[in-house]
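Q: Read in the UniProt record's numbering, the sequence shown has 37 at position 37, and its numbers run on one by one without any break.
Straight-line Cα separation of at most 20 Å, SDA-like style, residue types lysine to any residue; simulated pairs:
| no. | residue 1 | residue 2 |
| --- | --- | --- |
| 1 | LYS12 | SER42 |
| 2 | LYS14 | LYS34 |
| 3 | LYS49 | GLY8 |
| 4 | LYS34 | ILE15 |
| 5 | LYS20 | LYS31 |
| 6 | LYS31 | THR41 |
| 7 | LYS26 | GLY8 |
| 8 | LYS53 | ALA43 |
| 9 | LYS26 | ASP13 |
| 10 | LYS31 | VAL44 |
| 11 | LYS31 | LEU66 |
| 12 | LYS26 | LEU39 |
| 13 | LYS14 | ALA43 |
| 14 | LYS14 | ASP61 |
| 15 | LYS53 | LEU39 |
| 16 | LYS14 | MET1 |
For the record, the hints were derived by calculation from the structure and aren't laboratory data.
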Amino acid sequence: MVIVEFLGPINKDKIEVEVKNLEELKEVLNKDEKLRPWLKTSAVAVNDKIVTKNVELKNGDKVSILPPVCGG
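Modelling step: build the complete structure from the supplied sequences, incorporating the hints.
A: And the structure:
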């Protein structure tokens, strides 16, 4: 199982899913209409490291969905 956490204003509890890579995870998360807009603009981290391409996921990996933020 992979743990997925949603940071910042996404305001969604952690979930655990059985997926093998980020592409599979994206398919699962896109089924949630409230998440879909966030997924288009959010960065993704696997085990606290930002990733920009499809990577293999292992049991126990933590995936963080990081929405864009504004500062001032």
